[in-house]
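Next come the chains, spelled out residue by residue.
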Amino acid sequence: MQKSKNIFQQIIVNSRKYKNKTAIIFEEKKISYNSLNKTVSNLSASLFDIGVRKGDKIGLVLHNSLEFIYIILAAAKIGAAIAPLNTTLPASTIIKNFLSIKTKFIISWHTVLKKINFDNKYKKLFKNKLISVGDKINNYKYFDDLLKKGKNNSKYANNLNLLNNDYIISLTSGSTGLPKPIIFTQKTKLLRSLSVKKLYNLSHKDTVIASTPLEHSLSQRLMFLPLVIGGTLVLLKSFTEKIWAEKVKKHKVTFSILVSSQIESVFRSKKNYFSKLKSLKTAISTSAKLSQNFKDKINLFPRCNFYEWYGASEIGTVTNLHLNKEIKKTKSVGKACPGISIKIIDDKNNSKRKGIIGEIACKTPLVFSGYLNKKKMTKSSFYADYFKTGDLGYLDQDNYLYLAGRKKNIIVVGGINVYAEDVEEIIKKFPQIKDCCVIGVDDERLGEAIVAVIIWKKGKKRNVNKLKQYCFKNLADFQQPLAYKFIEKFPKNILGKVSRRDLKNACLKKNLSGKIASLMRRQ
Amino acid sequence: MKKIKRKRNSIHGFLINLLEEKGPIPKKFKKNISQYRYLDNAHIDSLGILSFISRIESKFNIKLNEKDTNSDEFRYIKGLIKIIESKIG
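Residue numbers (this note's numbering), protein chains in the order written: chain A, 1 to 523; chain B, 1 to 89.
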């Protein structure tokens, strides 16, 4: 592959090379490289016709779907930037996020678009710039019409050098405070995919399965990876261990990256999937540590190579651990990937000695371009060329990295980062609540589950059901507390701050997703 | 009789809209939608199931207990309508 090609140009190359080979499998549909090229060309022409130009930002609110892929590739062709958001976020949050980054167009699942209250000011701003997917809405453009009406005027974009343009804007923190929009260029996305190709020796013969929501960086990499190397992508609408295993078997999937809670749920299944899936050569776990129980039993599945990653949205993959081979180091998350350098630093950016815990900082060619319109924030997140992750850890004498907690209050729920402060700010607005602290506790099914620890206002009537309803209305699915704990006052540390550690210890015993597990397990 | 049918249609419509929010119902199930097993088809995932239950409880002012949600009826539309009808009387 020539490095100078942008993502869509690479799809064109592959459509010439692989023609009718299947590029994407989604539910019952198979899309060839030829068909993908044609559909995306038509769509990009239609988007161009309605005014989308290089540098424009498009807000995207869709479930995993073919439409999502077509739109993200069409944006690559035009040079527009996509800002994807989760469909379960409240409508007010969605519009607030999009306005904060000056989104020019919104393409959204129809039920979400119907809920957004565009007052007169916004109606004018988004006139002819709202596109509904899945169903028609009066006065809005309909996505299927854009697919049909597109003219094949591919000349306008193909020769533009779009590699260094803003391409994907990831709105990681998005509920209440101002979002922290992470910018990725096409070049970064391509480099990240190619680094995976190189590390695991992948080729056009590989079939890759993506099983997390496409608004997240991990799934985007799994989407781009097979499409730029001429392989096949199997995209799941959503994950259950049974559906994942069925698709791996049916489509002879060879490569998969899963969040650790997904790997654990496949492993825990009574169906013993990992022993039966003969095609699967490589399975990688990311987002949180795998259990030692799983690592100890890995040799029961000798056909598959298991790896564990550590990384962050801003810097991509940092370390890699081959669990089958590096068995003496399974408490670590591995060594730095080729071309990446790790430092452990203190609060004054001084390097720490081996074995001493500090903040993990990384220098990598896979680094993001910065936080959109936040130069200060971008600058303060780096020390020299090293990105400060906010994660704590240490390096051993052999340069293996060990995680030891987080500086930031992030809870990883099913692989999705949730900022505790975002949830707290919403809950604190509930009239009967005096204060709230949100913590993450270990959970079998989700990796971490959210517990809201609450102090009620004195003399106010406590209505827990109303509080729950309020949370369901005002928080996205992945932000929902699975338990509420009510106390009189928060434990404080010596600095007088709320001790989240003490709160966490007080909440550790419950398996919070037990109710969910019993609901989901009977598949 | 007409009243019962109207009520059933209204529950049915609400549930279809609720599922539609989570994504399109696959075409192959549209002909026999009342038998659509939305949990087995991962139409609702682990993160969405609690809000799904809460929305139903809130809409019909009922409480779904563990027996309800662990039953086979809960997993397909016709069965879920039956559970809701039994609760609202």
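In short, the hints are calculated from the structure, not lab data. Where hints are given, some of them may not hold.
Stated by the list, open to error - DSSO-like mimics (lysine-lysine), calculated; alpha carbons at most 30 Å apart, straight line: (1) B:K63 with A:K458; (2) A:K250 with B:K31; (3) B:K82 with A:K21; (4) A:K466 with B:K30; (5) A:K250 with B:K30; (6) B:K30 with A:K461; (7) B:K67 with A:K136; (8) B:K5 with A:K115; (9) B:K7 with A:K21; (10) A:K124 with A:K205; (11) B:K27 with A:K114; (12) A:K136 with B:K87; (13) B:K59 with A:K19; (14) A:K473 with B:K63; (15) A:K141 with B:K28; (16) B:K67 with A:K114; (17) A:K38 with B:K63; (18) A:K468 with B:K63; (19) B:K2 with A:K276; (20) A:K468 with B:K31; (21) B:K82 with A:K473; (22) A:K434 with B:K2; (23) A:K141 with A:K237; (24) A:K237 with A:K485; (25) B:K2 with A:K237; (26) B:K2 with A:K485; (27) B:K28 with A:K271; (28) B:K28 with A:K148; (29) B:K78 with A:K466; (30) B:K2 with A:K250; (31) B:K2 with B:K59; (32) B:K31 with A:K249; (33) B:K63 with A:K434; (34) A:K485 with B:K7; (35) B:K5 with A:K485; (36) B:K28 with A:K466; (37) B:K59 with A:K468; (38) A:K461 with A:K407; (39) B:K30 with A:K29.
All figures in this text were calculated on a predicted structure; none of them were measured in a lab.
Hint check:
Taking the CA atoms of K63 of chain B and K458 of chain A, the gap is about 28 Å. The hint holds against a cut of 30 Å. For the hint linking K250 of chain A to K31 of chain B, the alpha-carbon distance of about 25 Å falls within 30 Å, and the restraint holds. Taking the CA atoms of K82 of chain B and K21 of chain A, the gap is near 46 Å; set against the 30 Å cutoff, the hint is violated. For the hint pairing K466 of chain A with K30 of chain B, the CA-to-CA distance comes to about 35 Å; that exceeds 30 Å, so the pair is violated.
As the CA atoms of K250 of chain A and K30 of chain B are separated by approximately 24 Å, the hinted pair is consistent with the 30 Å bound. A distance of roughly 46 Å separates the Cα atoms of K30 of chain B and K461 of chain A; the hinted pair therefore is violated under the 30 Å criterion. For the proposed pair K67 of chain B and K136 of chain A, the alpha carbon gap of about 39 Å is over 30 Å, so the pair is violated. Between K5 of chain B and K115 of chain A the alpha-carbon distance is near 28 Å, which keeps this suggested pair within the 30 Å criterion.
Note on K7 of chain B and K21 of chain A: the hinted pairing is violated, with a Cα-Cα distance of about 50 Å set against a maximum of 30 Å. For the hint pairing K124 of chain A with K205 of chain A, the CA-to-CA distance comes to about 49 Å; that exceeds 30 Å, so the pair is violated. Between K27 of chain B and K114 of chain A the alpha-carbon distance is near 22 Å, which keeps this suggested pair within the 30 Å criterion. Between K136 of chain A and K87 of chain B the CA atoms are separated by roughly 35 Å; this puts the pair beyond 30 Å, and the hint is violated.
Restraint check for K59 of chain B and K19 of chain A: not satisfied, since their Cα atoms lie roughly 50 Å apart, outside the 30 Å limit. Of the pairs offered as hints, the one joining K473 of chain A and K63 of chain B holds, with about 17 Å between alpha carbons and a cut-off of 30 Å not exceeded. For the suggested pair K141 of chain A and K28 of chain B, the alpha carbons sit about 26 Å apart, so the restraint of at most 30 Å is met. Restraint check for K67 of chain B and K114 of chain A: not satisfied, since their Cα atoms lie roughly 34 Å apart, outside the 30 Å limit.
In summary, the hint linking K38 of chain A to K63 of chain B is not supported, as the alpha carbons are separated by about 50 Å, beyond the 30 Å threshold. Only pairs whose Cα atoms come within 30 Å are accepted, and K468 of chain A paired with K63 of chain B is accepted, the gap being roughly 13 Å. For the suggested pair K2 of chain B and K276 of chain A, the alpha carbons sit about 53 Å apart, so the restraint of at most 30 Å is broken. Between the alpha carbons of K468 of chain A and K31 of chain B the distance comes to roughly 36 Å, so the proposed pair goes past 30 Å and is violated.
Restraint check for K82 of chain B and K473 of chain A: the C-alpha separation of about 26 Å stays at or below 30 Å, so the hint holds. With a CA separation close to 49 Å, the supplied pair K434 of chain A and K2 of chain B exceeds the 30 Å bound. Note on K141 of chain A and K237 of chain A: the hinted pairing holds, with a Cα-Cα distance of about 24 Å set against a maximum of 30 Å. At most 30 Å may separate the alpha-carbon atoms for a hinted pair to count; K237 of chain A and K485 of chain A exceed this at roughly 34 Å.
For the hint linking K2 of chain B to K237 of chain A, the alpha-carbon distance of about 38 Å lies beyond 30 Å, and the restraint is violated. Taken as a hint, the K2 of chain B and K485 of chain A pair is broken in the structure, with Cα atoms around 46 Å apart against an allowance of 30 Å. Distance hint between K28 of chain B and K271 of chain A is fulfilled; the C-alpha atoms sit about 27 Å from each other, no more than 30 Å. Simply put, K28 of chain B and K148 of chain A have alpha-carbon atoms about 23 Å apart, close enough for the 30 Å limit, and the pair holds.
Note on K78 of chain B and K466 of chain A: the hinted pairing holds, with a Cα-Cα distance of about 28 Å set against a maximum of 30 Å. Proposed proximity of K2 of chain B and K250 of chain A is contradicted: the alpha carbons are some 47 Å apart, above 30 Å. About 21 Å separates the Cα atoms of K2 of chain B and K59 of chain B, which keeps this hinted pair within 30 Å; it holds. A threshold of 30 Å between alpha carbons decides the hint, and for K31 of chain B with K249 of chain A the separation of about 28 Å falls inside it, so the pair holds.
Restraint check: the Cα-Cα separation between K63 of chain B and K434 of chain A comes to about 28 Å, which is no more than 30 Å; the hinted pair holds. Pair hint K485 of chain A plus K7 of chain B does not hold up; C-alpha atoms about 38 Å apart against a cutoff of 30 Å. Straight-line distance between C-alpha atoms of K5 of chain B and K485 of chain A comes to about 43 Å, which puts the hinted pair past the 30 Å bound. Between the alpha carbons of K28 of chain B and K466 of chain A the distance comes to roughly 38 Å, so the proposed pair goes past 30 Å and is violated.
Annotation: proposed proximity of K59 of chain B to K468 of chain A holds, straight-line Cα distance about 14 Å (limit 30 Å). Distance hint between K461 of chain A and K407 of chain A is unfulfilled; the C-alpha atoms sit about 36 Å from each other, more than 30 Å. In summary, the hint linking K30 of chain B to K29 of chain A is supported, as the alpha carbons are separated by about 17 Å, within the 30 Å threshold.
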